[in-house]
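Undergrad: Each chain is listed here by its residues.
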Amino acid sequence: MEPFIKHQGSVVAMERVNIDTDQIIPKQFLKKLSKIGFGKYLFFDWRFLEDGGLNPDFILNKPKHQGASILVAGDNFGCGSSREHAPWALLDYGIRVIISTSFADIFSNNCYKNGILPIVVKEELLEKLFAQAKRPASVEFMINLEQQSLSDADGVISKFNIEARQKEFLLKGLDDIKWTLQFKDKISTFENRQKVDLPWLWLN
Amino acid sequence: MGKTLYQKIWEKHVVEELSDDSALLYIDLQMIHEVTSPQAFEGLRTNNRQVRCPNKNFATMDHSIPTQNRHLPFADRIAQLQVETLAKNCSDFGIKLFDLNSPHQGIVHVIAPEQGLTQPGMTIVCGDSHTSTHGAFGSLAFGIGTSEVEQVLATQSLVQSKARTMKIEFTGSLKEHSYAKDMILKLIGEIGTAGGTNYVLEYTGQAIRELSIEGRMTICNMSIEGGARAGIIAPDEKTFAFLKSRRYSPQGSNWDKALLHWKELVTDKDANFDKVVTIDTSRISPHITWGTTPSQVVEVDGYVPEITDFSGRNQQDACQKALDYMGLKGGEKMKDLMLDRVFIGSCTNARLEDLRIVANIVKGRKVCPKLEAMIVPGSGSIKKMAEKEGLADIFLAAGFEWREAGCSMCLGMNEDILQAGQRCASTSNRNFEGRQGKGGRTHLVSPAVAAASAICGHIASVNDI
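The listed protein sequences derive, respectively, from chains A and B. If you read the first sequence in the working numbering, its first letter stands for residue 1, the second for the next number, and so on. If you read the second sequence in the working numbering, its first letter stands for residue 205, the second for the next number, and so on.
Since the hints were made in silico from the structure, they are not lab data. Be aware that a few hints might be false.
[Said to hold, decoys possible] Simulated crosslink set (SDA-like; lysine to any residue; CA at most 25 Å straight-line):
no.: 1; chain 1: A; residue 1: K31; chain 2: B; residue 2: G247
no.: 2; chain 1: A; residue 1: K195; chain 2: B; residue 2: S453
no.: 3; chain 1: A; residue 1: K195; chain 2: B; residue 2: G247
no.: 4; chain 1: A; residue 1: K186; chain 2: B; residue 2: N518
no.: 5; chain 1: B; residue 1: K366; chain 2: A; residue 2: D176
no.: 6; chain 1: A; residue 1: K195; chain 2: B; residue 2: N518
no.: 7; chain 1: A; residue 1: K186; chain 2: B; residue 2: E215
no.: 8; chain 1: B; residue 1: K461; chain 2: A; residue 2: P199
no.: 9; chain 1: B; residue 1: K216; chain 2: A; residue 2: Q194
no.: 10; chain 1: A; residue 1: K172; chain 2: B; residue 2: E215
no.: 11; chain 1: A; residue 1: K122; chain 2: B; residue 2: N518
no.: 12; chain 1: A; residue 1: K32; chain 2: B; residue 2: E619
no.: 13; chain 1: A; residue 1: K186; chain 2: B; residue 2: E220
no.: 14; chain 1: B; residue 1: K212; chain 2: A; residue 2: I187
no.: 15; chain 1: B; residue 1: K479; chain 2: B; residue 2: A438
no.: 16; chain 1: A; residue 1: K178; chain 2: B; residue 2: S365
Please model the complete structure; the sequences and the hints are all you need to start from.
TA: This is the structure:
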């Protein structure tokens, strides 16, 4: 995973609550065997018209939001299906940071595994960010993960919380499995104990 | 202070404490399916890693497979390649697969309990959000993404942060024609789609104890629709009776040992929950969703809400978007809504008990000729039992399509999809925009309401026929 230390990019806002993973990446695109190339299907049903052309009314298609890498969205972003294809699509499209008042549990986990930073903010701040993103000119935010700060051209807008472990993994771009394998012996110890305690779990 | 059932299972699975509120947890069982696993196996190969415990991982094919003409090659070549890839992965890594030729193939959350793989006190994961279903047996079960599927394959463990706990007490008893589905729709309507975020819900109370194991699975299944990480129900005599003599259940002296352990899997009387919600079950009428999230719910006898029923810009905006998408106007009577399709199936409601309820209602009646109605059993075993009991004959005589087991129109990954604008009463779990097909309009209901609606041609309750 690519480390996430700082990010600066332009902002796009989707003022809608409960944006689910079925919307982020519809089911017809879940049959691929690889993790790459999902960006062109991101928000497919909203982004494209019946004839395959771009829907000019959809926010990501507006000229000023081309190249946006920071998504500000309504509450409970990423709810529904556990499909990791959703963060794969967001990342492939170029999104590195998502800001909302809350994220669905599995989606949030999936973001961290792919180097996307989900930032939880209070409702009043989200409203301010929405207003900022609506200005005619394109807006840029800066995120400094080490300092846990979100800034714009005028300075720091807010600090944000992140679990220490998630922060370390993002900063260093660590591999979860490699990291877990340091506990290989402890896993074996656990298994040996469980074989005695709960032997029926070891009959298959 | 006492402990909740969730805390007890947590403590029993800690491999390594990482902080006050996170640990590396051992995973007792992982279920695998064709859609969220190929990249995980690919990751193992790329990094030259092995599957740590092949015997703790089981696979089936359910999401993208056709539910008819199984003797033919798939019309969808990409879906065919995906199931072939799963077969190869399982064979290469020594994982037991219930493939399309197995009489026990079916929806992952239906077959694991059926085979006795799901047991009280276990930690269970699957690359599917409805893994919460297995909590009905008193196990800690939750959905994960593909990266974590790979991690469990490689290490049989996962880093987890402790969830908060919410007790959901269903007092009283269900009235006639109301079911587990109505209980969970009512709950999600109350707590909202994010009400359970970061929580594990424990369902208790008289109505939960009175539910069958099938009904409890329906409730736990939809915990995720309220945002919860998992739903859990303490095991009891019904649980033990369900598990007795299943293929993978413990046998002989191991059964006795297991039973002793399982009986301890209850929340202590003096345990603390972070939140408590109480619902009077005796007042729950049949429920139905009107909008595009499972929390947008009313009674079947009720009306589509008006925008002014909601406060705040977000809620009003969400209501307007849902009304527009669903082709509805505030104040319309739910029962006036004409239907194009009825879908009875999914990991929420495609077990034998559900099919029996449907058969009782449709026996000797005909599906309204204006609509298409389809029943997709949850597993090959259920299909066989339903055929043996004569349920399938009742469905076919009434004019239902009777399919092979799979996820089917719950998520529409195969050809079972709604056309744009079609309105469907569905026993599944998600009514998101486009979930059952682009432009499709889904109303989530119990099998009883789906059956009555299929006969009437519009949204209906059992009393209407």
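Undergrad: Work down the list of hints and note, for each, if the structure agrees.
TA: Going through the hints against the structure:
| no. | hint | result |
| --- | --- | --- |
| 1 | K31(A) / G247(B) | holds (17 Å) |
| 2 | K195(A) / S453(B) | holds (16 Å) |
| 3 | K195(A) / G247(B) | violated (29 Å) |
| 4 | K186(A) / N518(B) | violated (48 Å) |
| 5 | K366(B) / D176(A) | holds (18 Å) |
| 6 | K195(A) / N518(B) | violated (52 Å) |
| 7 | K186(A) / E215(B) | holds (15 Å) |
| 8 | K461(B) / P199(A) | holds (9 Å) |
| 9 | K216(B) / Q194(A) | holds (9 Å) |
| 10 | K172(A) / E215(B) | violated (30 Å) |
| 11 | K122(A) / N518(B) | holds (14 Å) |
| 12 | K32(A) / E619(B) | holds (17 Å) |
| 13 | K186(A) / E220(B) | holds (7 Å) |
| 14 | K212(B) / I187(A) | holds (19 Å) |
| 15 | K479(B) / A438(B) | holds (18 Å) |
| 16 | K178(A) / S365(B) | holds (19 Å) |
When each numbered hint is compared with the structure, violations occur for hints 3, 4, 6, 10.
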